[in-house]
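> Here the protein sequences line up with chains A and B, keeping their order. So for the first sequence, the numbering used here puts the first residue at 537; every next one is plus one. So for the second sequence, the numbering used here puts the first residue at 42; every next one is plus one.
In case anyone wonders, no lab produced these hints; they're calculated from the structure. Bear in mind that the values here come from a model prediction, so they are computed numbers and not experimental data. The beta carbon of each residue, even a glycine, is placed where N, CA and C say it ideally should be. Wrong hints could be hidden among the right ones.
The calculated lysine-lysine pairs, modelled on DSS-like cross-linking and capped at a C-alpha distance of 25 angstroms, are [claimed, not checked]:
(1) B:Lys264 / A:Lys729
(2) B:Lys130 / A:Lys688
(3) A:Lys653 / A:Lys760
(4) A:Lys689 / B:Lys204
(5) B:Lys259 / A:Lys706
(6) A:Lys682 / A:Lys579
(7) B:Lys130 / A:Lys682
Which residues of chain A face chain B? A few of them, derived with a C-beta cut under 10 angstroms, are [what the hints assert, rightly or not]:
(8) Phe600
(9) Glu633
(10) Gln701
(11) Gly717
(12) Pro813
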Amino acid sequence: MKVFKAGAAAAVAAVLALTATACGGSSDKASGDGGASGGAKDKIVIGIKFDQPGLGLKTPDGKFSGFDVDVATYVAKELGYQPDQIEFKQAVSAERENLIANGDVKLVVATYTINDKRKAKVDFAGPYFLAHQDLLVRADDTSITKAEDLNKKKLCSVTGSTSAQNVKTKLAPEADLLEQGGYSECLTGLENKKLDALTTDNSILAGYAAQEKNKGKFKLVGLKLSDEPYGIGLKKGDKDLQTKVNAALKKMVEDGSWQKAVDKNLGPADYKAEPAPQITEGS
Amino acid sequence: MFDFLDSGQYDVLGAFWVTVQLTLYSAVGSLIWGTILAGMRVSPVPLMRAFGTAYVDIVRNTPLTVIIIGCSLGLNQTLGISLGGGTFKEIGFRLAVLGFIAYTGTFVCEALRSGINTVPVGQAEAARALGLSFFQVLTLIVLPQAFRAVIAPLTNVLIALTKNTTVAAAIGVAEAALLMKEMIENEPQALFAVFGIFALGFVLLTLPTGLLLGWVAKRVAVKR
Chain A
537 MKVFKAGAAA AVAAVLALTA TACGGSSDKA SGDGGASGGA KDKIVIGIKF
587 DQPGLGLKTP DGKFSGFDVD VATYVAKELG YQPDQIEFKQ AVSAERENLI
637 ANGDVKLVVA TYTINDKRKA KVDFAGPYFL AHQDLLVRAD DTSITKAEDL
687 NKKKLCSVTG STSAQNVKTK LAPEADLLEQ GGYSECLTGL ENKKLDALTT
737 DNSILAGYAA QEKNKGKFKL VGLKLSDEPY GIGLKKGDKD LQTKVNAALK
787 KMVEDGSWQK AVDKNLGPAD YKAEPAPQIT EGS
Chain B
42 MFDFLDSGQY DVLGAFWVTV QLTLYSAVGS LIWGTILAGM RVSPVPLMRA
92 FGTAYVDIVR NTPLTVIIIG CSLGLNQTLG ISLGGGTFKE IGFRLAVLGF
142 IAYTGTFVCE ALRSGINTVP VGQAEAARAL GLSFFQVLTL IVLPQAFRAV
192 IAPLTNVLIA LTKNTTVAAA IGVAEAALLM KEMIENEPQA LFAVFGIFAL
242 GFVLLTLPTG LLLGWVAKRV AVKR
């Protein structure tokens, strides 16, 4: 009985702790909203991916790492926010426009390809990175050298993603395409030889190949199947912020921090990133 | 607002047709599997009862997403089971149906077991007194009455199954939810229109099912 009571007490304590953190979370959000309205508030909320190694990853100990995170941190610094004043919020691909439009985040730095349909709802700064759709194959596989080779191959991508649609409609309509919920699920099949290739932006692939547990197992084919200029998403019509972010990105490239961030996060995969792209948005 | 539909890029009807197919195959399969499970749970053999109870309790309490992804990652990607399918399209569909049957069968079983409880004990006793075996009592006397009592609950299971088929998108079955993901990825400006189309699609699938089977349930229910 005593054990039971102790357990119950522990459970109550846990619930209280959880509610307490929940409250903390919501007050953070409130101040984030204040930040989005443009005042010099104490926090900035930035949307990133939480599940893409090398670009935007939340580690089990609650820290964030990756190229997008480094860019976000640099831009925030230029806007007057120290690293401890940044709150990272998960920006799932399908929700990015709404997070921005609703003011939940001020910036989205989340492998966000600039295109016209998205520009109807949000504005971009940048681009700060030029990625291409590419293939990840097993390190010893040399059978794929061009897009047409894919027609007889088993291919994997993420459900509904642009890369998956590209394959279906343009690149290799006859390829056997498996759409999984996430790229990690694809890696299982690739390693077990049930799949021949995993396709998406080369930056994302490089991030996976560079992961400690995957080192030496996979390689990038190095095809440029599409152009994916990544921009920083921000509220539509906020020219002031757009100009500031563009200036920050320019400075990041000029002072060498950009190259350093690329080398640090994507370098281990033997991935040759393109030089920083010219900024085209908002000019 | 709906002009993106005119581009011919999205086969909404085709996607819903896959949803319907998934539902039908899974419904038939889980009805059979659920009936077998229910038979096990009321059988006089302790081992069968134990298996039925353990299976239902474990599978019913496992999230469907876990089961479906387990089918794809575990059965197919790791163990290489393809259920006779050649392409990922076929394999994914079959694995999804397998997962839905395994999962929905437990709900059919429990609904059916409640139906068996509505059949007065005297019926089974009388049948046994006539010298019928357990199997005969179950199939000739008890189950026919039980089914008539549980059409309404089974309708709910079927409607839940129809909606659950969207989970198959997680392993790449090209049904409605997968197309919705694609459309949201491509047409962020029409988010609510896209959502509305698919919500309406599922209402059109499930509402008539509910009305029709509700009417049938009233017609065939055993008045006691």
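> Each hint needs a verdict: does it hold in this structure or not?
Results of checking the hints against the structure:
With a CA separation close to 59 angstroms, the supplied pair Lys264 of chain B and Lys729 of chain A exceeds the 25 angstroms bound. At roughly 15 angstroms between alpha-carbon atoms, Lys130 of chain B and Lys688 of chain A fall within 25 angstroms of each other, so this suggested pair holds. For a cut-off of 25 angstroms, the pair hint linking Lys653 of chain A to Lys760 of chain A stands: about 22 angstroms separates their Cα positions. Of the supplied pair hints, the one linking Lys689 of chain A and Lys204 of chain B is violated, its CA atoms being roughly 32 angstroms apart against a limit of 25 angstroms.
Distance hint between Lys259 of chain B and Lys706 of chain A is unfulfilled; the C-alpha atoms sit about 53 angstroms from each other, more than 25 angstroms. Of the pairs offered as hints, the one joining Lys682 of chain A and Lys579 of chain A is violated, with about 47 angstroms between alpha carbons and a cut-off of 25 angstroms exceeded. Under the criterion of a C-alpha separation no larger than 25 angstroms, the hint pairing Lys130 of chain B with Lys682 of chain A is consistent with the structure, at around 24 angstroms. Annotation: Phe600 of chain A was flagged as interfacial toward chain B, and the flag is violated, the nearest CB pair being 24 angstroms apart, outside 10 angstroms.
Hint status for Glu633 of chain A: holds, given a least beta-carbon distance of 4 angstroms to chain B, under 10 angstroms. The closest approach between the C-beta of Gln701 of chain A and any C-beta of chain B is roughly 6 angstroms, which is under the 10 angstroms cut-off, so the hint is satisfied. Annotation: Gly717 of chain A was flagged as interfacial toward chain B, and the flag holds, the nearest CB pair being 5 angstroms apart, inside 10 angstroms. Nearest Cβ of chain B to the Cβ of Pro813 of chain A: about 22 angstroms, over the 10 angstroms cut. The hint is violated.
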